[in-house]
Structure formats: structure tokens, C-alpha cells
Amino acid sequence: MEEHDKILSVRGLDIAFRTTAGSVHAIRGIDFDLYRGETVAIVGESGSGKSVTMKAAMGILASNASVKGGTILFSYTHADGSPETVDILKKDKKWIRRHINGKRMAMIFQDPMTSLDPTMTIGRQVMEGMIWHFKVTKEEAYRRSLKLLQEVGIVDAEKRMKNYPHQLSGGMRQRVVIAIALSCNPDLLICDEPTTALDVTIQAMILELIRRIQRERGISVIYITHDLGVVAKVADYIDVMYAGRIVEKGTANEIFYDPRHPYTWGLLSAMPDLDTEDERLYTIPGSPPNLLYEKPGDAFAPRNPYALKIDDRLGPPMFRITDTHYAATWLLDPRAPKVDMPPELRARIARMKKEAGLIAGNE
Amino acid sequence: MKASAQQAAAPVTDGTVFYPDDFELKNNADEIRIDSNFAAQSFWKEARIRFCRKKSAVFGLAMVLLITLLAIFGPGMNSYTYSGQDLSRKNFAPRVPVLEDIGILDGGENISTTTGSKKLNYYQLKKLDNVYYWFGSDTFGRDIWTRTWSGAQVSLIIAVAAALIDMVIGMSYGLISGYFGGRVDSAMQRFLEVANGIPRLVIVTLLLLVLSPGMLTIIFALMLTEWIGMSRIARAEMLKLKEQEFVLASRTLGAGSFFIIFREVLPNIIGPVITQVMFSIPTAIFTEAFLSFVGLGIPVPQCSLGSLISEGFNSFTTHPYQIVPPIVVMALLMLSFNLVADGLREALDPKLKEM
Amino acid sequence: MKKYALRRILLSLFTLLVILLVLFVLMQLMPGSPFNDEKLNAEQKANLYAKYGLDQPIFVQFFRYVGNMLTGDFGVSYNISKNTPISQLIQTRLPISIAIGGMAVALGTLVGLVLGIIAAIWHDTVADTVATVISVIGVSVPSYVFALALSYSFGFRLRWFPMLFTAKQIFASSVLPSVSLSMFTMASIARFTRSEMLEVLGSDYMLLAESKGISGPALIFRHALRNALIPIITVLAPLIVDLMTGSLVVEKIFSIPGVGSLLVTAIQSNDYNVVISLSFIYSAMYIGIMLAVDILYGIIDPRIRLAKEENA
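Residue numbers (my numbering), protein chains in the order written: chain A, 1 to 363; chain B, 1001 to 1355; chain C, 2001 to 2312.
Be careful, since some hints might not be right.
Think about it this way: if two alpha-carbon atoms lie no more than 27 Å apart in a straight line, the pair counts; the simulated DSSO-like pairs of lysine-lysine are [said to hold, decoys possible]:
{"id": "1", "chain 1": "A", "residue 1": "Lys68", "chain 2": "A", "residue 2": "Lys93"}
{"id": "2", "chain 1": "C", "residue 1": "Lys2002", "chain 2": "A", "residue 2": "Lys309"}
{"id": "3", "chain 1": "A", "residue 1": "Lys162", "chain 2": "C", "residue 2": "Lys2168"}
{"id": "4", "chain 1": "B", "residue 1": "Lys1045", "chain 2": "A", "residue 2": "Lys338"}
{"id": "5", "chain 1": "A", "residue 1": "Lys68", "chain 2": "A", "residue 2": "Lys90"}
{"id": "6", "chain 1": "A", "residue 1": "Lys295", "chain 2": "B", "residue 2": "Lys1026"}
{"id": "7", "chain 1": "B", "residue 1": "Lys1026", "chain 2": "A", "residue 2": "Lys309"}
{"id": "8", "chain 1": "A", "residue 1": "Lys159", "chain 2": "C", "residue 2": "Lys2168"}
{"id": "9", "chain 1": "A", "residue 1": "Lys338", "chain 2": "A", "residue 2": "Lys353"}
{"id": "10", "chain 1": "B", "residue 1": "Lys1045", "chain 2": "B", "residue 2": "Lys1242"}
{"id": "11", "chain 1": "A", "residue 1": "Lys138", "chain 2": "A", "residue 2": "Lys159"}
{"id": "12", "chain 1": "B", "residue 1": "Lys1119", "chain 2": "B", "residue 2": "Lys1090"}
{"id": "13", "chain 1": "C", "residue 1": "Lys2003", "chain 2": "A", "residue 2": "Lys162"}
{"id": "14", "chain 1": "B", "residue 1": "Lys1127", "chain 2": "B", "residue 2": "Lys1090"}
Label-pair ranges, simulated between beta-carbon atoms [claimed, not checked]:
{"id": "15", "chain 1": "C", "residue 1": "Ser2087", "chain 2": "B", "residue 2": "Pro1097", "range": "57 to 63 Å"}
{"id": "16", "chain 1": "C", "residue 1": "Ile2304", "chain 2": "B", "residue 2": "Phe1043", "range": "34 to 40 Å"}
{"id": "17", "chain 1": "C", "residue 1": "Ser2269", "chain 2": "B", "residue 2": "Lys1045", "range": "56 to 62 Å"}
{"id": "18", "chain 1": "B", "residue 1": "Ala1255", "chain 2": "C", "residue 2": "Ala2292", "range": "41 to 47 Å"}
{"id": "19", "chain 1": "C", "residue 1": "Ala2172", "chain 2": "B", "residue 2": "Ser1315", "range": "41 to 47 Å"}
{"id": "20", "chain 1": "C", "residue 1": "Leu2164", "chain 2": "B", "residue 2": "Phe1059", "range": "36 to 42 Å"}
{"id": "21", "chain 1": "C", "residue 1": "Glu2043", "chain 2": "B", "residue 2": "Gln1085", "range": "48 to 54 Å"}
{"id": "22", "chain 1": "B", "residue 1": "Phe1018", "chain 2": "C", "residue 2": "Ala2218", "range": "55 to 61 Å"}
{"id": "23", "chain 1": "A", "residue 1": "Glu140", "chain 2": "C", "residue 2": "Ala2218", "range": "16 to 22 Å"}
{"id": "24", "chain 1": "C", "residue 1": "Ser2269", "chain 2": "B", "residue 2": "Phe1140", "range": "57 to 63 Å"}
{"id": "25", "chain 1": "B", "residue 1": "Lys1045", "chain 2": "A", "residue 2": "Lys93", "range": "36 to 42 Å"}
{"id": "26", "chain 1": "B", "residue 1": "Glu1024", "chain 2": "A", "residue 2": "Ser66", "range": "38 to 44 Å"}
These are calculated hints, taken from the structure and not from any lab test.
It should be emphasised that the depicted structure is a prediction, and the values quoted were computed from it without experimental measurement.
Heads up, the beta-carbon is just placed ideally off N, CA and C, and yes, glycines get one too.
Construct all of the structure, not just a fragment, from the sequences and the given hints.
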């Protein structure tokens, strides 16, 4: 597909936070792209910086954040159809609020209980964005909000318009948050751990809802999550983040069936699986690095059973595996020894492929 | 994702030095299990650092210490006593040995009369060259410096005693109420709500009418009113900690209720409790001063900051210097305790979201 | 909501009763008898006692007492103004105290809110430091110190405002007392507003609102303030009480003929009747205000006003 279908292009993003303990270097050089209609999942443990990246794109970083470098190019079309590309990092907050937030990029957050204003009715919260951006009349806004609530699957929407957030269940609240996000017809929807705070049964419903909306409206979606199960259901492309960097990126198939970075191996191995014959649950040893400190070399080395000596000195560049699959590990250097993924993981992937093949075969 | 703008598809070759053993496995199976990322720092050490970082809190602490020291040693610094009167030397302005040579605090004061203001210096008028009253003298010829610091002594003793007794009573009440829960808690809280409904002012006034005024009575009156705040804090903390595992562990080991309350939970709530004590001291100082002003305070000849202010009030348009020292000391004292308490609260319970 | 209000009302009434009991007991302990005995002989005394039911058993006396207090019959003063009905003494003074107190509350709350909001929005800047310093001073320094300072500087030295209260210059002479009284309220509210606002400003729903594109005053007023202000009502009741305390001394300093200075005089002249009656009035006011605030809070906060309904 052509270049102009690219919506978001992040290059060399570098962000640090001023905290009382010192400067936390949270994002250490990130590149990634998003094209129209795609679903990208950004995966990583807590503290890897996944939320920060997207908050930078939305212009809602905390006040103690300082962007040290990089560009975030966002492409959209004006009302008259003319295309436009801006570097969000170069725009001031007011401009971003006026032109990007809600209107072109929207975000939904993890905990719907705290995301909604407890003292404002649902109706008003859904209508607020429309009135703010498009100056529609209250009646028009009411009509549209009603339709939105129905679109996200809330029955007796009229009654709910007058309710307050605490009167709704968790799943309903998240639907409302989605409705709010869609209220100004954005091109990009960012979902920050949208299902983590919900029951498992509701999780599936919400994911299905987002997928349906994406198809119907043709919007692009970015998922931020640590849950590979979620990723498997929804993502076209996956970016694995660790310690403020992307360590592996590829299509969903590539990441799940042919992972190359030891961290990805760890993540996949740690997913509990009913068919696992191992007696122990695998976890990645150690804990994520404290981003207060700058250490040379590969940030994952201290926890990497396949670490090379060079990992202590020099951080690996991105190595190309296929046109769409890249990983940042010295293991992919031609001079590195041939290291294969752990046998348990290989067995599991073989199982997964067989199941997928079976399912695909049973049409 | 399309490959178009992707760079770094080949290994780095721009002058990076590679060593021969770079690409060997580290075989670090033992190292990786050690979690060394986050150095454990003792809670108190961190709290102390946070406290010291707050300049206002440090200032407050310094002031408190300074005033306490002066309260202890101040009266002894000159030869006057707090009750020794000398009517021939009443209403003298402040005179300090070294400063008078520069022209300030030289014993002179401006008296405004019907014909305009006049500068008078009683020391010169009465030819008292070697007499110094550092803060001046009052209407009975008593030295204000000595009286101020004796008064500070009394005020501090009353306030700290009241605060500490409150701490014991309030804390016990709150801890017991919170621990036992259920009906006991309900009943105790109802009682507390009723007690809270009676204005502090009323209780204190009535008490002091019935009992004879004096240091003990005032402490008693203060005690009756401040324990409510402390008990609320203690109860809230208890409710938070009650369900934690160390309590459960203790119980399964057979510890009795009171053991758990006072030996297990109590040490963990010292932080908020101390903060509350720090906050209640200024309230106690204020209440005592207020009582003195109203006439229910320390009986003469003993003095407290409040009674000094009350006395000085009568002549504050003619001899303002008489009321200034006790007011400044009291205001500084209250301000400092508040600053310290503020600093403590933030140090022990930082709420800032940092990312 | 209704249950909540009912419970609060019942509790308040019960508290009032307890207070009356305490006051009644104290009355019995006070030396002297309710009437000026010097001029009465035994027969007249007996008659008066019978008339006022003082020869009845204690319980009956108590009920009478309660009835009297609640209807405004407080008995007579001994020492301040012999045999004058206390209600008469209070009548002219109460409005003045309430007026000045009311001004102080209004002034303090308004200025306090503004200071707190400024400190929160521009937190960790100079504006915040200044506002915080003012607040800490306002909270630490007693109202009568302010009264003295203001009285001395603006009243005595600069002569901008009269030093004593006069009915002829009601407005001008109320300024200094109201300002002195309002300092504590202002400082407390400023601190509280700042911390509540800071907490609200850091909340998730603020982030969501920003991600919707809302910015500027709309963001602050529509989302932050509404949530921050609700708890502020809860501190209002104790603050008003502190105001009542402060008013005693402030009234004395500025010679305001209000209820506060009456109480001070009564204490100093051992006029127990007046002290007890005024204590009752203060208690009743306090309980009333607390009740009003509780119910108001229940109405304003939708989480209390509307219970969780059945949902899918």
C-alpha cells in the first residue's frame, strides 16, 4: 500500500521524567508506524513505557515529563479533504487539545470507574466532546449521544443518559468510555489496558465491541497491554517493548509462531496453557530495570539466559528478519552462536500451529 | 507494517569496536536469578530525607527547638524573676546593652500625647545607667523577658502534656473501637459523635467555671476536647491494618486482642499519630491563650503566653512593646509546630503521582 | 438518602438532649440560688420556688428546664444586670454577632477558595508558595493576634478604620473585626482546597477530559472544581465553630456588643446563668450547622443522593 496510508509515524522518541528520586529515562528511542485500518498492539511489562509513548502522541503527558528528542508525525485530512501531517511534539498543548484530542485521536483508559467524572451524568459526559469540538446544539448532541450509547451496546440508553457513573456496572462504564471516545469520530483509537480491570466474560465482549466498531468505522486501533491473550485476539501487528525500547516487532503470526528475541520467548513461555506438560510455571527471572539508572548495553541482559558478552557493553541495533519482522538482539548478528528458543516454547508453538491449522481446516 | 522507512536492517559497522569474545554466551544462569534493581531503603530513612528536603519543615523544627531552649534557659539569663515587682520601674521600654549603642532598643519610646508624639526615656530620666530590661518592663515593673520565657515554659508544658495525654486516650479509644468492630465499634462511634457535637468552647468554659483554674485544670479541659481527632486517625489506621496478614499471623499464634492492638498494630501507626500530636499542640497553645485572655487561665502570679497577651492588651496603644514579645513567641510557636506537622505528614505519606 | 437524613436528625436531637442534661447538672452544682435571695424572706422564697417548680423532683425540673431552654426562656441574669431576662440581653446582641460572623465566613470562604485554586493550578511555582505561606500563617496565628495587629496598624496608626465598633459607622467598623475573624477560615479553606484540587487534577477523569480535547477554564470549572468542592463543605462546619470561639476575643478587642463579649463578661463576673444559657445557644447553633452541612452534602454528592440501581 502507498505511503499516504500511514497515519502515525514515531521516530527516535526519547522522554524523561523529573521525579524527586531523580531523572527517570522512561523512553529510550522508539520507532514505529501505524497504517490506516490496522490494529497494533504494544506489549510489555508494567514500567516498560508503553503508556507513556501513546500519552506523548496524545499530548497528555504529566507535567514533569520532558521530551528529549524524536518526532511523532500524525497524518489526517481536514474537513475539506485536504491532507495534513504534523509533528505533534512540536505543537503546543492548546493546539493539540483543539485539533487532535477527541477529534482525530481518542483514548480509553484502564479503569472505567475512575475514568468517568463521578459528579456528571453519563449523557453530559458523552455530549461534552461534541459540543466542545463541533458546537452542535444540545438537542443534536443528545440525539447523537443516544445513538452512540446504542452503538456500543447499552440497552435502555435513554435511562442511562441521566444516570451517574456509580450507578452502572464495570462493563457498562467501559462501554460508555468507548462511546465518549467515538463521539467526535476520531481516526485513531488508543486503548490503554481496556480490559484489565474487567471480569473475564466482559473482557471478551468489550474486545468484540471494539473490533466491530473498528470494522464499521474504518478506524485504526492501538492496544496497549501486557496480556498476550488479548493481543492474540485482536492484533495485526505487535510491538514488544522493554525498558523504554522496542525489542521486537512483527505481524501477529510472526511474533507468536517465530519469535526471535529472548524477552519475547520469556513472555510467550510465561503464558499459562492447559496443555503444558511442564511441572513448573515459567517466569522471567528477575524484575524490570529501574529506569533511574542508565546502564550501557542491552537492558534485558541481566535477565537473559542467552545473553552474550557484548550485551554488557553495547545495545543491539534492530536486525531485519523479514520485511515486517525485526528484533533488537545480538543473537541475530551473523557472528553470534546459533541459539534456538527453549524446547518447551517450541513444543507449545507447534501445538498452537496445529490447533490453528485444525481450526482453519474445519471451516 | 511496511518496510519502507525502516533503517538499521544491518549490523552496526560504523567504527564500533568488536572484541573477539563478544559473541560468546555469558552462561549467567546463576546471576539472573538475583533481583538487584531496587535497593531497599528503610521507611524512616526515606521519610527523614523527605522531611529535610522541605525547607519550611526544617525551619519550623529549628524554631521549635530554639524557643524551647529559650524557654528553659531564658528566665535564668538575667537576674530578674517572673514575679518580682518594682513599681518604681514600671512601663520601661526595652533596652538591650549592645544594640542601644546603634540606636535601637535604647530604652526610649514614643508617647503620643494630645500635643503630638514625644520621645521619652525613663532610664535616662531616672538616671538608671546600669539597669537593662531586654524586653522592657510591664505595669508592675516586672521584667518582660523573664516573664515571656516563663510564660512560654508554662504554655509549652500545658500544650505538650495535653497533647500527649490526648494521644494516649484518643489512640486507645480509636484502636479499640476499630479493632473490635461490630457492636462495640458502633456504640463507641455513636458516643464519639455525641461528644463531638458539643462545642469545644462550651466544654472548656463550663469546666473552668466549675473547677478552680490552674495548670492541671487547663490540661484536663484540653484533654477532654482534643482526643476525638486522635481517635479518628487511630481508628482509620486500624481499619486499614486490621485485615493485613501480620495481624492474622499473630492471631493464629494465639496472641490476645490487646497484645495485637498495642504491640503489633500500634508501632505501625506511629507516623500519623505523631503528626496528629504535632497538629494538636498549636491548638492547645491557642486554647490556653484564649482561656487566659478570657480570664479563665493561669492565676497570677504565674504567667503563660496567653495571660501575658491579656495583660499587655490593656496598654497596647500606649506601650505596644509589652504585648509584642509574647505575641511573637506564641505566633512563632504555633506557626513552627504547624510547619513541622505539615512536613511530617508529607514525609510519612507522600501522595504525589510522579509518572 | 432519606434514611441518611433521618438518622442525622435523630442523632442531632439526641446530642442536644445530652448537652441539656450536662448543662442542667452543672446548674445544680452552681453555688447560689436562682433568685436574689438577699431581699426575700422565707415565705416569698417558698412562693417563688413553687412558682418556678423548684420544689419538684429533679426529673420534673429537668423536663421543665428542657422545655424552657427550647422555647427561649433562659432565666435571669445575676450579676451582669440583675434580674434581667437573659433572652432580652441576647436579643439585641445575637444579630450583631451573626452579622459579623457571617461576613467573616463569606469573606474567608471566597478568598480561601480563590487562593486554594490558584495554588493548585500553578502548583510548585511562586504563586503556590506565596499562597501556601499565607495559608500557614493564617492557620497558625490566632484570630485575636490578627485583631490586635490590624487594630493597631490600620486602626491606630493609619486610622483607616475605626478601632472600636460603633453603631454609627456599622459598615466601616465591621471591616477590621470581620477580616480578623476570617483569617483562620480563609487559610484553612485555602489549604484544603489546594489539596483537594491537586488530588482531583491528577485523577483519571481529568486525563480523560483532556484526551477529549477539553482545556482551559472549562476543564477547571466543569470537572475539577465540582469534584473538589464537595468535600469542602465538610470542613465548613468545624470552621464555623472556630469562628464562634474566635469571636469572643475579637468582640472584646473591638468592643462589639455581641454575644461573644457578653459571654466573656459573664465568665469574668461569674454569672453562671448567662454562661450556661449562652453555652446552650452555641451548642444548638453548632449542632444545627453540622446537621445542615451533613444534609447538604448528601444532596450535592450524587453518589449519596442516588443509590446504585439495578444494572446489566
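Hints, one by one, checked against the model:
For a cut-off of 27 Å, the pair hint linking Lys68/A to Lys93/A stands: about 17 Å separates their Cα positions. A hinted pair counts as satisfied when its Cα atoms are at most 27 Å apart, and Lys2002/C with Lys309/A does not qualify at roughly 72 Å. This hinted pair does not check out: Lys162/A and Lys2168/C have alpha carbons roughly 54 Å apart, beyond 27 Å. The hinted pair formed by Lys1045/B and Lys338/A fails the criterion: a straight-line CA distance of about 49 Å is larger than 27 Å.
The straight-line distance between the Cα atoms of Lys68/A and Lys90/A is roughly 12 Å, inside the 27 Å bound, and the hint therefore holds. The straight-line distance between the Cα atoms of Lys295/A and Lys1026/B is roughly 17 Å, inside the 27 Å bound, and the hint therefore holds. For the suggested pair Lys1026/B and Lys309/A, the alpha carbons sit about 6 Å apart, so the restraint of at most 27 Å is met. As the CA atoms of Lys159/A and Lys2168/C are separated by approximately 60 Å, the hinted pair breaks the 27 Å bound.
Proposed proximity of Lys338/A and Lys353/A is supported: the alpha carbons are some 23 Å apart, at most 27 Å. Taking the CA atoms of Lys1045/B and Lys1242/B, the gap is about 25 Å. The hint holds against a cut of 27 Å. For the hint pairing Lys138/A with Lys159/A, the CA-to-CA distance comes to about 17 Å; that is within 27 Å, so the pair holds. Simply put, Lys1119/B and Lys1090/B have alpha-carbon atoms about 17 Å apart, close enough for the 27 Å limit, and the pair holds.
At roughly 23 Å between alpha-carbon atoms, Lys2003/C and Lys162/A fall within 27 Å of each other, so this suggested pair holds. Between Lys1127/B and Lys1090/B the alpha-carbon distance is near 14 Å, which keeps this suggested pair within the 27 Å criterion. Here the CB-CB span from Ser2087/C to Pro1097/B is close to 60 Å, well matched to the stated 57 to 63 Å. Look at Ile2304/C against Phe1043/B: about 36 Å separates their beta carbons, and that is inside 34 to 40 Å.
For Ser2269/C and Lys1045/B, the hinted distance range of 56 to 62 Å is satisfied, since their beta carbons lie about 57 Å from each other. At about 46 Å, the CB distance of Ala1255/B to Ala2292/C agrees with the hint of 41 to 47 Å. Restraint check, Ala2172/C to Ser1315/B: a C-beta distance of roughly 25 Å breaks the suggested window 41 to 47 Å. Against the hinted window of 36 to 42 Å, the Cβ-Cβ separation of Leu2164/C and Phe1059/B comes to about 37 Å, which satisfies the hint.
Our hint of 48 to 54 Å for Glu2043/C and Gln1085/B holds, since their Cβ atoms are close to 52 Å apart. Separated by about 58 Å at the C-beta atoms, Phe1018/B and Ala2218/C satisfy the suggested range of 55 to 61 Å. The beta-carbon spacing between Glu140/A and Ala2218/C, approximately 19 Å, falls within the hinted interval of 16 to 22 Å. Between Ser2269/C and Phe1140/B the beta carbons are some 24 Å apart, a value that contradicts the proposed interval 57 to 63 Å.
Restraint check, Lys1045/B to Lys93/A: a C-beta distance of roughly 38 Å satisfies the suggested window 36 to 42 Å. At roughly 39 Å, the beta-carbon separation of Glu1024/B and Ser66/A lies within the given 38 to 44 Å, and the hint holds.
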